[in-house]
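Protein chains in written order, with numbering that gives the first Met the number 0: chain A, 0 to 336; chain B, 0 to 192.
Quick caveat, the hints were computed from the structure, so don't treat them as lab data.
Fair warning: there could be bad hints in the mix.
As the list claims (entries may be wrong) - These stretches of chain B come out as covered by chain A in the derived footprint (C-beta under 8 Å, 3 or more residues):
#1 27–39
#2 115–125
#3 163–176
Claimed, not checked - What follows is a list of derived Cβ distance ranges for each label pair:
#4 Asp-25(B) / Ala-269(A): 20 to 30 Å
#5 Leu-320(A) / Arg-82(B): 30 to 40 Å
#6 Gly-156(B) / Arg-25(A): 28 to 38 Å
#7 Arg-58(B) / Asn-161(A): 42 to 52 Å
#8 Asn-113(B) / Arg-61(A): 20 to 30 Å
#9 His-152(A) / Asp-25(B): 51 to 61 Å
To be verified - Heads up, incomplete: computed chain B residues facing chain A, CB under 8 Å, no partners named:
#10 His-2
#11 Gln-13
#12 Ala-14
#13 Ser-17
#14 Ala-20
#15 Ser-21
#16 Tyr-24
#17 Glu-46
#18 Gln-50
#19 Phe-53
#20 Val-54
#21 Asn-79
#22 Arg-82
#23 Ser-141
#24 Ser-147
Note that this is a predicted model, so its numbers are computed, not measured.
Beta carbons are placed, not taken as given, at the ideal position from N, Cα and C, and that holds for glycine.
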Amino acid sequence: MSECHLVRESMPLLLVEALERGERERAHQHIEDCGDCSDEWAAYRETWRSMGDLPELEVPVRVRARFLDAAGVAEPAPASRVRNVVPFRRRPAAKWLAQAAAVVVIAGGSWFAGTRTTVLDGARTPATIASITPAPYSIAEERIIPASEISPHIVGRPDIQNVQFLDPQGDKVGLSFDVTSRVTVTGSPGDRSMVRLLSYVLENENSMAQPRSRAIEWVKQTYSDPQFADPEIAGALARLLRSDEHEGVRIRAAETLKTMPAPAASATRAALIEALKNDPNPAVRIKAVEALANLSQSGEVFDPVTIDTLREKAAQSDENLYVRAKAAEVLSSVKLQ
Amino acid sequence: MKHLSDQELMRIVQAGDSSPASEIYDRYSARIYNFAFRFLKNAEAAEDATQEVFVKMIRHAKQFHGDAKLSTWLFSITANWCRDHLRKADNRAKESDDVLVTLPAPGELSPERNLERRENELRVRRALNALTPEQREAILLSRYQGLSYAEIAQIAGCSEGAVKTRVFRAMETLKKALTGQAGGGDRCLNVIS
Chain A
0 MSECHLVRES
10 MPLLLVEALE
20 RGERERAHQH
30 IEDCGDCSDE
40 WAAYRETWRS
50 MGDLPELEVP
60 VRVRARFLDA
70 AGVAEPAPAS
80 RVRNVVPFRR
90 RPAAKWLAQA
100 AAVVVIAGGS
110 WFAGTRTTVL
120 DGARTPATIA
130 SITPAPYSIA
140 EERIIPASEI
150 SPHIVGRPDI
160 QNVQFLDPQG
170 DKVGLSFDVT
180 SRVTVTGSPG
190 DRSMVRLLSY
200 VLENENSMAQ
210 PRSRAIEWVK
220 QTYSDPQFAD
230 PEIAGALARL
240 LRSDEHEGVR
250 IRAAETLKTM
260 PAPAASATRA
270 ALIEALKNDP
280 NPAVRIKAVE
290 ALANLSQSGE
300 VFDPVTIDTL
310 REKAAQSDEN
320 LYVRAKAAEV
330 LSSVKLQ
Chain B
0 MKHLSDQELM
10 RIVQAGDSSP
20 ASEIYDRYSA
30 RIYNFAFRFL
40 KNAEAAEDAT
50 QEVFVKMIRH
60 AKQFHGDAKL
70 STWLFSITAN
80 WCRDHLRKAD
90 NRAKESDDVL
100 VTLPAPGELS
110 PERNLERREN
120 ELRVRRALNA
130 LTPEQREAIL
140 LSRYQGLSYA
150 EIAQIAGCSE
160 GAVKTRVFRA
170 METLKKALTG
180 QAGGGDRCLN
190 VIS
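Excised from the complex, chain B in its bound form (with noise of 0.2 Å):
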């Protein structure tokens, strides 16, 4: 299945064979995990998101049309399910931001560094939380999974115009709690809307 493509893999898919479901679990888990865990700080959550996406993959296979890209399609799913996840209000108890604790040190850094750079994740992770959850969903789906403004305007049911205003909102916010840089661009920018 590996020399497969994913619309190879997605039209034996549709054609009622699951058979192919590990080979594009394997390709894409750990991209969705991420982005789920990311947007809602919480790895139990980021767990079962990541198992729904698929078990939906499968049972709405015929949804996907082949000239899409089968990343964007499972960044839909995986986008709507987070943010159904977010609106059920006694979900947010169990957010939490001190995940640091439970992640391996990476063993061949200085402890100093290794200090260092657990301070910067916590700052950047709770940077991230501070964000509303469009501005979080944009930023990480560009930031961290390369998506095009297009790709997360189809993912995020917006238009690409929302999405940059989205990531421009969340790079100031970010820059300001990352370089404490407050928003250089108020001094000569308006807020762009």
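For reference, chain A alone in the conformation it holds in the complex (with noise of 0.2 Å):
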């Protein structure tokens, strides 16, 4: 069998990038080689052009309610807004990190309480904490305090929310309440600790989109350092790119994503894929395209299923020509499974 029958029988995959690359660059050398087949690949790829000519019709509506009655499905309720903000509501994951913060207020408002009543007339009450264990601080806690073991006097005007009365037991009465007091955690990136903190405020920051972008931002920084990678802070960032409902924040976490080294981002791929399938926005799918190009660029293998979102985006004639050009590029790299 010729050469030019081998390389023109195989233009329609070379067409779509699905030859190997060995034989892509075999048959693209071949037809640079060769007048006619160099005629015969002109001729495929204007042929495949003007197919794309042919226009994308939208399914009338009616269809959708027909569907929707012989099935027997009801049609769904308007989508309420997707909320990632968790407020006042402890996670199991993080109860250590509410235990800890609870001794770090627990400490700091007695001794804080200690200083003040020095100075004060009133009945002294000692900062004393009954049980303190060599456990870790924790960032909350549910914890009932006598009333005679805090200070009478209230510094500042600490931000008190969802106040609650309970009903009176003997001579007893008692409110409860959320209080926010402001903690400083230190430490180095790479503490489990620190990761886990972080991990629990890039995805429970304000709901608003600023914040969070600058905790990603802040994460970036600190994370795309190889001896920081971490994967705990993937996961979290993979998390956000998929369900997040503010655009510039999945552009972040894709980006971020970017930057970090394979081991810790090669868990986050599924996210990649989904976001360069299925994200409405284009820059959400341009840096999901980059950071896959990234993982196969340090040598990530792929599996059949990357290949094929790849495949399919490289091919998808109306999909921003960037992630087209760079899902076939990644292709092109790719390590098989």
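Take the two lone chains and join them into the complex the hints point to.
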């Protein structure tokens, strides 16, 4: 079988970048050297391009109604906005953090109260902590404090929320509330507690996009260093990429994953692929395909699903041109499982 | 539902809850409709195909295996439906290639460019219509849906080699119709089997 025969037979595959790298390079080399095949290739590409002029039609809305009716499915209620913030709700994963913070608050508050009470006439309340264990500090905790053990003087204007009044029990009454205080946690970026805290903050920072984007930017500067690359941070970014309602946050999440070294970022490949396939914002898809390109360059082995998605993107006529080109570029350097 | 993967949505449907149906419809209906429309050359039939494909998806959800791509499975159902439809001789009379008159004109193009584009659309549509159904199915899935030959083979129920042949022959026909260049390959190629 002649070289021309083989090359022309593979031209449809060449068009969709589905040939393996070696074969593709050989085919292009032959096309460059052979006038007939060069003409043939030009005609193939022109045909392929012309086919792209066929418009994508919108499905008439009646089809949807007919389908839902025929399937006996009720039209879903308008989707409520996804909330990524979990206000004052402790999660099991962060429970130990919560406990540690409470100790910080108790210790700091007691010390503060103790120093203040020295200049007052009121009865001094000892800043004692009944039971402190060698366990680490915690960031939040639900606790019951006897009124007799706190200072009668409220310093500053603490932000007290969610006040509940408890039913009297015997001669005691009670009120329950959330109160904020400022805690500073310092440590190495590699400390497990710091990683866990940052992951939590990334996903639970204020629902406004800006604070979360700022948090991501900070994480990017700190955790792009290979010595601190951490799968848990990458996982938190992947979850943002998947579900955050703010496109700016998703863009930054994908961008930060792009800068993370492969060992940490490889576990997020599914999220990158999902973003590349489904994210409505082209900037997110661009960052996602760039992140995949970085993974590929670092020697990451891609599974068939990843390859198929990249192939689909490379061939998708209505996709952003840069995404298509980048997807094709990744395919050209990819290692198969 | 939007954050769930296709597989997760299908697991819910398989468990007897059809509530994800509209989400799956929103994800795939445009692709299914356009494929059916180009395959059948008939807007009304494409609407029926789209509706029935998704109804079948719900009724036969248990036949979907989680390790497959949902798009491949849906295109399999669609292609089967379209092939059945084409087999019915009385449907041929309904085929029409003058659907361009129903399409809205892209507003941002100049009248000359618009006309040129419409003419090109018509040429592409006629060229596609000149293909055999097998070739048309293969080229539509490859060119417009970006499916791999392996996926197309699964959908068409044939080998990858057969898909390769169908796409190659389709491209030769389309090339001749759209560029006027007869199979340059014929000068040194025997038709591949």
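Structure versus earlier hints - violations, ascending order: Those not satisfied are hints 11, 12, 21 and 22.
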